[in-house]
Amino acid sequence: MSLISEGAEFNGTIAEPSLATVGDYLELLKPRVMSLVVFTALVGLSVAPGSIHPLTAFTALLCITVGAGASGALNMWYDFDIDAKMTRTAKRPLPSGRIQPGEALAFGLTLSVFSVVVLGLLVNILSAAILAFTIFFYAVIYTMWLKRSTPQNIVIGGAAGAFPPMIGWAAVTGSMSFEPILLFLIIFFWTPPHFWALAIYKMEDFRRAGVPMLPVVSGESNTRLQILLYSVLLVVLGVAPWPLDYAGPLYGVVAVAMGLCWMLLAMRVYRERLPADQACRHLFAFSILYLFLLFAVLMVDRGWGGLMARFAA
Amino acid sequence: MSDQGNEPGIVLTEAQKRARRSRSIAIAVSLIVLVVLFYAMTLVKGPAILIRPI
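For the protein sequence lines, the chains are A and B, in the order given.
Residue numbers for the first sequence follow the numbering used here, beginning at 816 and rising by one.
Residue numbers for the second sequence follow the numbering used here, beginning at 748 and rising by one.
If you are wondering where the hints come from, they were derived from the structure by calculation, not from laboratory data.
Glycine residues also receive a C-beta, built at the ideal position from the N, C-alpha and C atoms.
Any given hint could turn out to be false.
[Unchecked claim] The following label-pair restraints were derived from C-beta to C-beta distances: (1) A:1108 / B:780: 53 to 63 Å; (2) B:798 / A:848: 31 to 41 Å; (3) A:996 / B:764: 43 to 53 Å; (4) B:798 / A:869: 17 to 27 Å; (5) A:928 / B:779: 14 to 24 Å; (6) A:1055 / B:769: 45 to 55 Å.
[As the list claims (entries may be wrong)] Mimicking BS3-like on lysine-lysine, the simulated pairs with C-alpha atoms at most 27 Å apart in a straight line are: (7) A:845 / A:1017; (8) A:1017 / A:906; (9) B:764 / A:906; (10) A:906 / A:845; (11) B:764 / A:845; (12) A:962 / A:906.
[Unchecked claim] Selected chain A positions facing chain B (Cβ under 7 Å, derived; list incomplete): (13) 832; (14) 837; (15) 937.
With the hints as constraints, model all of the structure from the sequences given.
This is how it looks when you write it as structure tokens:
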């Protein structure tokens, strides 16, 4: 993609001096996605064994936040053509012309480099390496390759959003084990039903933009079945930290109760037929609550005491 | 002086000046945060700042 010609084509004239505000640049970072990333990274950090200085923990979270935002900016830079065609994304800074593609690319690259380098210098190399891979995976593997080429885009690409707990864990321990991988798997299997529920009721948007989301390519019925199948895997994985002794009964009870609610909603999605999409909207909204609550309870049940002790030490 | 020297060039509008100023302030704040962060982390880690275990 040629930046200069793109910018010129976009305005039809030579680029004007920018009117982009700080708020526009902050919007490039996808703050809502970032909040989930920060939270899951905090959980990974708090459940990890060992000690970390509060300032080091803050630095790690800051770098993960900035790195996640950077990959969001790179995603918006590459996808601004399809963002312009979807109602959900048409008001983003690039399609609305508030920021030029070259500005977004420079912003995304700068933040990517800074977040990885600072994490490597001030925390440890392993966490920086996973952060670098996460940014690469989201910006290149998902955005540039998978998103426009396969209906499995969100299944494989969802891995990018699942890495933050591993980065948080690595920031504390400098190593890796099965527990953060389990947290990775929970988010990995949470992403497809979460996103496909949205894709069903925003199907026309994706069709118009030419994005081969599963409902567009394989039809709604198949997507609803896939949501149900992934939900079974997710609910089992969601409960798994309890029998594996990574969490106590409090987590177990919450995970089972939330899992039952999820399955109930997933069954309603499976049974629902066009033109209704209410069940999909409910599952999408509940999916965000599910992940936040599951990880919050895990942090309270498992990590909170340890985290406080670490900060007090 | 040639005529070129008297050309006004690109003249920013008030809105463009305001946007540029807000961006400049944001960059300055970010740099200050980065400097303070490195300074504080050096105090916290001491000589170990140079040891970065994998």
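Here is what the structure says about each hint:
In this structure the hint that residue 1108 of chain A and residue 780 of chain B lie 53 to 63 Å apart at CB is violated, the actual value being about 32 Å. The supplied range of 31 to 41 Å is met by residue 798 of chain B and residue 848 of chain A, whose beta-carbon atoms lie about 34 Å from each other. In this structure, residue 996 of chain A and residue 764 of chain B meet the distance hint of 43 to 53 Å, their C-beta atoms being roughly 51 Å apart. Distance hint check: the CB atoms of residue 798 of chain B and residue 869 of chain A are about 20 Å apart, consistent with the given range 17 to 27 Å.
Separation of residue 928 of chain A from residue 779 of chain B is about 19 Å and conforms to the stated range, judged on CB atoms against 14 to 24 Å. Taking 45 to 55 Å as the suggested C-beta distance range, the pair residue 1055 of chain A and residue 769 of chain B conforms, at roughly 48 Å. Distance restraint check for residue 845 of chain A and residue 1017 of chain A: the Cα-Cα separation of roughly 19 Å lies within the 27 Å cut-off, and the hinted pair is therefore satisfied. Taken as a hint, the residue 1017 of chain A and residue 906 of chain A pair is honoured in the structure, with Cα atoms around 16 Å apart against an allowance of 27 Å.
Only pairs whose Cα atoms come within 27 Å are accepted, and residue 764 of chain B paired with residue 906 of chain A is accepted, the gap being roughly 24 Å. Taking the CA atoms of residue 906 of chain A and residue 845 of chain A, the gap is about 13 Å. The hint holds against a cut of 27 Å. Between the alpha carbons of residue 764 of chain B and residue 845 of chain A the distance comes to roughly 26 Å, so the proposed pair stays at or under 27 Å and holds. Of the pairs offered as hints, the one joining residue 962 of chain A and residue 906 of chain A holds, with about 20 Å between alpha carbons and a cut-off of 27 Å not exceeded.
With 7 Å as the threshold, the beta carbon of residue 832 of chain A comes within range of chain B, its nearest partner Cβ sitting at about 5 Å, so the hint holds. The beta carbon of residue 837 of chain A is positioned within 7 Å of a beta carbon in chain B (closest approach about 5 Å), and the interface hint is therefore held. With a cut of 7 Å, the hint placing residue 937 of chain A at the interface with chain B holds, because the nearest CB-to-CB distance is about 5 Å.
The structure shown violates just one earlier hint, number 1.
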